[in-house]
Amino acid sequence: MDLTHRWASRCKEYFNKNKKEHLLFGIVQGGMHLELREESLNFISKQDFDGIALGGLSVGEPKEEKTKILKHLAPLLPEDKPHYVMGVGTPEELVEGVRYGIDMFDCVIPTRNARNGFIYTSTGIVKIRNSEHKKSTKPIDENCDCYTCKNFSRAYLHHLDKANEILASTLMSICSLHTFNKLMQDMRSSLEENKFEEFVDSFYDMRDLKKPKL
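The working numbering puts the sequence shown at residues 454 to 667.
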């Protein structure tokens, strides 16, 4: 980790000398080791990066391990910097992350999974390749106002996917991306209105899932 931190210092030094109109985030590493994570966070925080990124939480670690890291680091994150978890994740992971004080995420899941027939909706995942959708005239998500849901049925998307039409990937990606964008918008609104935990309750109820304890 010493090598990683020296690299971070060199990056920050170069960035300060050649600063453009963009921002530089420092990345907290340390694997699943709490003491190394804390050491890395302390070092990165002292470098005065524009934001704090948490790396190494999207490469196959068990969910329990990721939650353990977030829970441990959450009270230690500097309050005056944006917090970013790299490569995460599912809607459930986004909601959990925000509950632990995370502001930003990035992930290929919405489009990668859509290309494989898994579409994210306001109530969970629709597996469009299942035969139950073969003759369904319903939209993917009756609560969604995206281009796909307003114009195409499950049966049509099922047909496109079975026929290996590239349009299937496009239309399903549109719906999944809309779902993720709407989720982030709703979380921001609920935070501004001081109703975030009410939103979280509704989020898990709509998916028939148990709300995790912090």
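Hints may be right or wrong, so weigh each one.
[What the hints assert, rightly or not] In silico lysine-lysine, DSBU-like type, Cα no more than 35 Å apart, as pairs:
id	residue 1	residue 2
1	K648	K499
2	K521	K465
3	K615	K588
4	K663	K587
5	K603	K587
6	K635	K516
[Claimed, not checked] Per label pair, the in silico range of CB-to-CB distance:
id	residue 1	residue 2	range
7	N596	S498	38 to 44 Å
8	D455	Q638	24 to 30 Å
9	D533	K470	55 to 61 Å
10	E650	N596	18 to 24 Å
11	K591	E650	27 to 33 Å
Just so you know, these hints were derived from the structure itself, not from any lab. All values derive from a computational prediction rather than experimental measurement. The beta carbon of each residue, even a glycine, is placed where N, CA and C say it ideally should be.
Against the structure, the hints:
no., hint, verdict
1, K648 with K499, "holds (33 Å)"
2, K521 with K465, "holds (29 Å)"
3, K615 with K588, "holds (13 Å)"
4, K663 with K587, "holds (31 Å)"
5, K603 with K587, "holds (18 Å)"
6, K635 with K516, "holds (24 Å)"
7, N596 with S498: 38 to 44 Å, "holds (40 Å)"
8, D455 with Q638: 24 to 30 Å, "violated (41 Å)"
9, D533 with K470: 55 to 61 Å, "violated (24 Å)"
10, E650 with N596: 18 to 24 Å, "holds (21 Å)"
11, K591 with E650: 27 to 33 Å, "holds (32 Å)"
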